[in-house]
Amino acid sequence: MLGIALGIGVLAVLVSALLGPKKASRAKLMAYESGNDPEHGGVGTGQRFPVHFYLVAMLFIVFDIETAFFFPLAVAYQKLVPFAFWEALTFVGLLLVGYYYILKKGVLEWT
Amino acid sequence: MPDWLAALLITLLKGVLVALALLTTFAYMTLIERRLLARMQIRLGPNRVGPLGLLQPLADAIKSIFKEDLRVTMADKLVYTMAPIVAIGMALTAFGGIPAGPPGSLFGENPWVYQLDAGILALLAITSMGVYGIFLGGWASGSKYPLLGSLRSSAQMISYELGMGLSILGLLMLVGSTAFVNIVEWQAQNGWMVLFQSLGFALFLVSSFAEVNRTPFDLPEAEQELVAGYLTEYSAIKWALFQMAEYVNMITASAIMATLFFGGYRGPVFLEGLVPGISSWPIVWLVLKIAFFLFLFIWVRGTLPRFRYDQLMRFGWKLLLPLALANTMLTAAYLAFARGAGLWPLALLSLLGLLALLALSDRVRVLWNQPTGRGAADDSFPARPLGGD
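Protein chains in written order, with my numbering: chain A, 1 to 111; chain B, 1001 to 1389.
If you are wondering where the hints come from, they were derived from the structure by calculation, not from laboratory data. Treat each hint with caution, since some may be false.
[To be verified] Below 16 Å or equal to it, Euclidean Cα-Cα: the simulated EDC-like pairs (lysine to aspartate or glutamate) are:
#1 23(A) to 1068(B)
#2 22(A) to 1068(B)
#3 1318(B) to 109(A)
Make the full structure from the sequences, and use the hints.
Given below as structure tokens:
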């Protein structure tokens, strides 16, 4: 399925590259910056972005792993009650401590 | 012909069928969306190419193939070309895991391309690979608007993925399996999951809208702020591939919601009295349910305005995430201590939770409209645009 799906993508790009017109000009090939000449642009030339996004990505990894831990517990849950409930409660409790910390730290604020 | 070769050929055939069906649906989805939106805004929409504009998708496809395929000088050649391919590849792949009927119902074959025991988990994994397409595309353009757009977009998608994953935990606890077929069969016995997990469904629905970047969460394409987000430097077929990926993701999200919460490929049982066997017709029911959700996507687009970015992040992290956890723990507590009472009290409980949330929505809205924590006191800087409630 993945092969077919990627194949369709590659095929479409190739066909278009063969069939489309090619009349490039300097203005056409400039990065779009509302009509100004682009400054400091380009891959690998230190494109800068707010570090906040990085924080969100790290938080995502933490929480996503916790979610991933939850999946096996959820699947086996009905066989493990009521012990599993206390276990889950402890887990969520610990999760909430960390959550409260990042909340108070202001990581989730965007200005 | 050896068995493995036959199996391989059949799987290939099914894969091609699914891919073609998805692409056709995408093509006509664009037309239907434009027509419906036009109707909602009291105008006509595309109606010139063919009767009722039915050939419009074809014209669009031909146009996007014959357009000039530009690549700006500052772009990273390889990654810039790969990004749309990755996006569409992951989008198309995801749909193959969804069952369109019970095992063996497609001329003796199984009506799905691949089936994993991890079912929904694997599907979530594949769909979240779609972030790579968007992020790499924006980064490789070597331009500022696309970079910002792709950053926003990936931050949004990963944030709502958490809510999405957590909101189905209650469902998994009830079913005790992640395979789609088991989930559907459980619903065939006990009733649609949306009854017992109405709160979970509401959360999942909202996260799905955010995951596929649709209004009111279409921040990556917030044209007033970001030109066209990660798509700014893309043209011709590569742009079309990104667009295609978005719509295919929408179809997949609809199919997931239909399968998880609305009985999947099983039809409603009360129709059995009219036409015997109607509820086990394969494919028909799944297609109907997908069509309903696709209509919902368009309807919402015609109705709701876009979120502001800080609202979006607060909404995801401060409302969706805790609520999804609460829903999980509610279900867990019920299953642990009141399982003997049957499932209907849980349905009532879940519905009450959802209603309470809607009734309190004016109070809850504060959560994503007003900053808390460090930035709260800092009102001197006019960071918030006017009229942004």
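Compare the structure with the hints numbered earlier in the document and write down the numbers of the violated ones, lowest to highest. Violated: none.
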